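Chemist: Here are the chains, one letter per residue:
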Amino acid sequence: MAEHATEPFHAVERQREANRFGMLIFLSSEFLLFGGIFAAAMALRLENPDGYRAAASHLRLGLGTANTAILLTSSLFAALAVEAVRGARPRRTALWLGGAALLGAGFLGIKGAEYAMEYREGLMPGTATAHFSGPAEQIFMNLYFAGTGLHALHVTIGIAVLLVAAALAHKGGERHAMLVGNAALYWHLVDIVWIFLYPTLYLAGVG
Amino acid sequence: MSPALRLVAVWAALMLLLAATAGASFLPLGPAKPFVAYAIAAAKAGLVLWFFMEMRREDGLVRLAAAAGFVWLLFLLVLTASDMLTRS
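These protein sequence lines map, in sequence, to chains A and B. All the letters of the first sequence, read from the start, carry residue numbers 1 to 207 under our numbering. All the letters of the second sequence, read from the start, carry residue numbers 1001 to 1088 under our numbering.
Keep in mind that the hints were calculated from the coordinates and are not lab data. Predicted model only: the values in this text are computed from it and were never measured. All C-beta atoms, glycine included, are put in the ideal place defined by N, C-alpha and C. Do not take every clue at face value.
Unchecked claim - Which chain B residues face chain A? A few, computed with CB under 10 Å, are given here: (1) Tyr1038; (2) Val1048; (3) Ala1067; (4) Phe1070; (5) Trp1072; (6) Ser1088.
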């Protein structure tokens, strides 16, 4: 594996560190993009705990839990792809990346099915059939669709990045290793956001 | 432990934590319930950060960049809660 630093870096190690540093600053700002939704959910929950729980109980805990398991597994696949790049195994890299993207697509499928059910039950704000028992329920469903919708957008972008990295796996080299590393980091962030959306939205409705 | 095996072990731990948090949500924990749920979520996020995102290999600067988002979110949540909880 030929490893040459590109300008302005003199050493590969320095280039890698700068790449990771920049990527993590970007991911931190991405995380804060969701921060407002978490803060709004917390404020609503503190103000009206019973209304919040009643509204959250409309969500399907089984599907939310299944989707959490799917995303955690796809994160494992992305981490294994990084490990395969390190061992200079392009075929294996492409397979793990493709597997992670496939699980991401499965996640979106389940999410879409949930949205369809919520639409039929009149829980989708802004649609003609929408009817809510009160303001807490309406605000909660607004937050739910804003949070999971923004997250689903990130999943879609993540799938595209994973597939591009998989398609270029045969090229190898330092540039591709960085692409796979960054694609995996992005995918893990999408996973972390969902790890916190799960108790905020789904678990809050139990009991 | 080989690197791949370690990653699989972390995944197994994540699955156990998921089962634990789903199970705990049915226990009569009262007001402690959200704290238990978010503590387990933080543990899961910690595992993903440390092993999957390889923070264990990084130096201080990169770890600081990763922590920045969480620290600022914590400010947002603590200050919002201190307002919500002290209104008369």
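Chemist: Are any of the numbered hints broken by this structure? If so, which, sorted upward?
Modeler: 6
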